[in-house]
Each structure stands twice: as C-alpha cells, then as structure tokens.
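Here is what each chain is made of, one letter per residue.
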Amino acid sequence: MEEIAAALEASSLGAAMRDSTILYPIVNILHLIGLVMVLGGIGLLDLRMLGLARQLPLAGVYGLLTGTAVAGVCVQMGSGFLLFASDATALIANDAFLLKMLLFAAALLNAALFRLLWRKRIATWDAAPPFAGRMQSALSLFMWGTIGALGRLIAYV
Amino acid sequence: MHLRAPTALVIMICAMLLAPVPLSAHHGWSSYDASKAVKVEVPLAAVRYQNPHGEIEIEHEGKTWVIVLAPVSRMQARGLPQDDLKVGETVIVEAYPRRDGEPEMRAERITVKGKTVELR
Chain Y
11 MEEIAAALEA SSLGAAMRDS TILYPIVNIL HLIGLVMVLG GIGLLDLRML GLARQLPLAG
71 VYGLLTGTAV AGVCVQMGSG FLLFASDATA LIANDAFLLK MLLFAAALLN AALFRLLWRK
131 RIATWDAAPP FAGRMQSALS LFMWGTIGAL GRLIAYV
Chain X
129 MHLRAPTALV IMICAMLLAP VPLSAHHGWS SYDASKAVKV EVPLAAVRYQ NPHGEIEIEH
189 EGKTWVIVLA PVSRMQARGL PQDDLKVGET VIVEAYPRRD GEPEMRAERI TVKGKTVELR
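In order, the protein sequence lines correspond to chains Y and X. If you count by the working numbering, then the first sequence holds residues 11 to 167, one letter each, in order. If you count by the working numbering, then the second sequence holds residues 129 to 248, one letter each, in order.
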C-alpha cells in the first residue's frame with residue numbers, strides 16, 4: 011500500500027498536481043462541484059424515498075436524481091484520484107481519509123443493493139414503501155453526508 | 129410506513145450532527161499556537177514550492193522544523209516567486225508552532241531579500 015502510494019506521489023501526475031499553479035485549485039473546485047452533484051442527486055433521492063415532496067412523481071425523480079448522483083460520483087472519483095496523487099503517502103496515513111474511503115465503499119454498495127432490491131418497486135413505493143428500503147435511504151443520507159464532511163476534515167486532522 | 133417531511137428532515141439533521149469530529153487539527157490556523165510566535169533569521173534547509181501549500185525546512189533550537197507557507201498561487205500573487213526561495217538563502221520567518229508539539233509551524237509572514245510577504 012505504501013509502495014503504491016509512494017510511486018503514485020512520485021509519478022509525473024503527482025508532480026504535475028503539486029508543481030502546477032492552477033491544476034490543484036481547478037481539480038479542487040471540480041471536487042467541490044462533484045460533491046454538490048452527489049449530495050444533490052442521492053441526498054435528494056434519499057429524502058424523496060423517505061417521504062419528502064411526495065407531490066413529485068417518483069418515476070421521473072428517480073431517474074433524474076440517480077443520473078445526477080452517478081455523474082457526481084464519476085467526477086469525484088476522477089478529481090479525487092488526482093488530489094490523492096498529489097499527496098498520496100500522507101493521505102493513506104490520514105484517519106479522516108481512510109474512514110472516508112471505507113464509508114465511500116459502503117455507500118456505493120448500499121446504493122447498488124438498493125437499486126437491485128427496489129428498482130422494480132418504484133411504481134408502488136409511495137403506496138407501500140418497504141421498511142428496509144427506507145432504512146437504506148436513511149443510511150445512505152447519513153453515509154454520503156459524512157463522506158462529504160470527512161473530505162473537508164482531511165486537512166484538519 | 130410513511131415518514132412525514134419533518135421526520136425526514138430530522139433524520140437528515142441527525143446524520144449531519146453524527147459526523148465525526150476530528151481529534152486534533154492540523155492545517156487550520158487553530159492547531160498552531162499564536163501565543164508562542166517564533167521569529168527567526170535562518171538559512172533555508174529545504175524548499176518545496178508546491179500545492180496545496182509550499183513548505184520550507186529550517187534548523188531551530190536543535191530540531192528540523194517544517195514551516196507551512198501558502199498555496200502557490202497566493203505566494204506568486206503576493207510577490208514570493210519560486211526563484212526567491214533557494215536552499216541556503218537566509219530568510220526571516222515569523223511563524224506559530226503546532227500545539228501538539230510536532231516540529232511544524234505555520235508562517236504568518238516571511239522576509240526574503242529585504243522584502244516581507246504576508247502569507248495568511
């Protein structure tokens with residue numbers, strides 16, 4: 011793990027992220043936009059699944075917000091990898107970063123499982139929402155919010 | 129089971145509040161002790177002019193200290209280009225040591241070749 015991080019940090023990609031004046035700030039801003047997309051996508055979807063804004067038809071909302079969240083996760087993985095490359099050896103020893111990665115994996119698994127289990131029940135969700143599904147939505151909201159908070163805290167632990 | 133909007137909001141707020149709090153700060157100004165400000169004139173032992181923030185190393189009181197400067201764009205904008213920071217060059221650093229005792233300080237300002245640059 012340390013070797014991989016050291017190699018990545020020493021790579022031309024890591025060097026470019028550190029040495030360029032504008033690259034790091036640009037990628038940093040992209041990572042912020044991606045966070046807004048993730049929370050605005052999956053966070054709002056979770057709230058809708060929990061019963062908020064029932065006047066909005068779930069059939070339309072589900073696709074829109076899932077797409078926004080998936081696009082956001084893609085932005086986060088790309089920009090996050092670049093930020094990681096700039097300072098990899100310090101980051102793999104950073105508790106906030108490690109917990110964030112653990113929660114990120116768990117949140118992705120939860121989202122995939124949610125889709126697998128409940129996608130066919132979207133049409134009847136509001137009439138008969140499954141309890142387990144709603145617990146997954148609440149858990150999702152908690153995990154993605156915490157992931158965002160942990161990202162911000164990496165520089166402070 | 130139907131949750132009402134307020135219930136959902138309560139769940140969301142609880143989720144935010146449960147986010148872990150860091151045990152010790154590192155890069156924020158609060159993790160450095162401004163009441164123990166250090167002002168030294170020393171030669172630069174090492175220079176890393178890089179993002180997310182530049183760093184220099186100095187020898188001070190028998191230890192090698194890492195001095196955290198500022199993001200590259202800020203140093204450039206305030207008149208501290210890479211060429212001004214050379215290993216061996218004597219500079220005046222005003223900085224605050226970390227509260228946890230690690231040999232690291234955050235610089236308030238640095239004077240190179242008679243020119244003082246604010247870094248906060």
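Source of the hints: derived by calculation from the structure; they are not laboratory data. Be aware that a few hints might be false.
To be verified - Keeping only pairs whose Cα atoms sit at most 25 Å apart, straight-line, the calculated SDA-like set for lysine to any residue is:
hint: 1; chain 1: X; residue 1: 164; chain 2: Y; residue 2: 165
hint: 2; chain 1: X; residue 1: 214; chain 2: Y; residue 2: 32
hint: 3; chain 1: X; residue 1: 191; chain 2: Y; residue 2: 100
hint: 4; chain 1: X; residue 1: 241; chain 2: X; residue 2: 172
hint: 5; chain 1: X; residue 1: 214; chain 2: Y; residue 2: 30
hint: 6; chain 1: X; residue 1: 241; chain 2: Y; residue 2: 100
hint: 7; chain 1: X; residue 1: 164; chain 2: X; residue 2: 239
hint: 8; chain 1: X; residue 1: 214; chain 2: Y; residue 2: 20
hint: 9; chain 1: X; residue 1: 214; chain 2: Y; residue 2: 29
hint: 10; chain 1: X; residue 1: 164; chain 2: Y; residue 2: 127
hint: 11; chain 1: Y; residue 1: 130; chain 2: Y; residue 2: 66
hint: 12; chain 1: X; residue 1: 214; chain 2: Y; residue 2: 21
hint: 13; chain 1: Y; residue 1: 130; chain 2: Y; residue 2: 145
hint: 14; chain 1: X; residue 1: 191; chain 2: Y; residue 2: 99
hint: 15; chain 1: X; residue 1: 164; chain 2: Y; residue 2: 66
hint: 16; chain 1: X; residue 1: 214; chain 2: Y; residue 2: 114
hint: 17; chain 1: X; residue 1: 243; chain 2: Y; residue 2: 130
Right, here's what the structure says about each hint:
no.	hint	in the structure
1	164(X) - 165(Y)	22 Å, holds
2	214(X) - 32(Y)	22 Å, holds
3	191(X) - 100(Y)	21 Å, holds
4	241(X) - 172(X)	13 Å, holds
5	214(X) - 30(Y)	18 Å, holds
6	241(X) - 100(Y)	32 Å, violated
7	164(X) - 239(X)	19 Å, holds
8	214(X) - 20(Y)	22 Å, holds
9	214(X) - 29(Y)	16 Å, holds
10	164(X) - 127(Y)	58 Å, violated
11	130(Y) - 66(Y)	18 Å, holds
12	214(X) - 21(Y)	24 Å, holds
13	130(Y) - 145(Y)	17 Å, holds
14	191(X) - 99(Y)	23 Å, holds
15	164(X) - 66(Y)	58 Å, violated
16	214(X) - 114(Y)	41 Å, violated
17	243(X) - 130(Y)	68 Å, violated
In this structure, the earlier hints numbered 6, 10, 15, 16 and 17 are contradicted, and the remaining ones agree with it.
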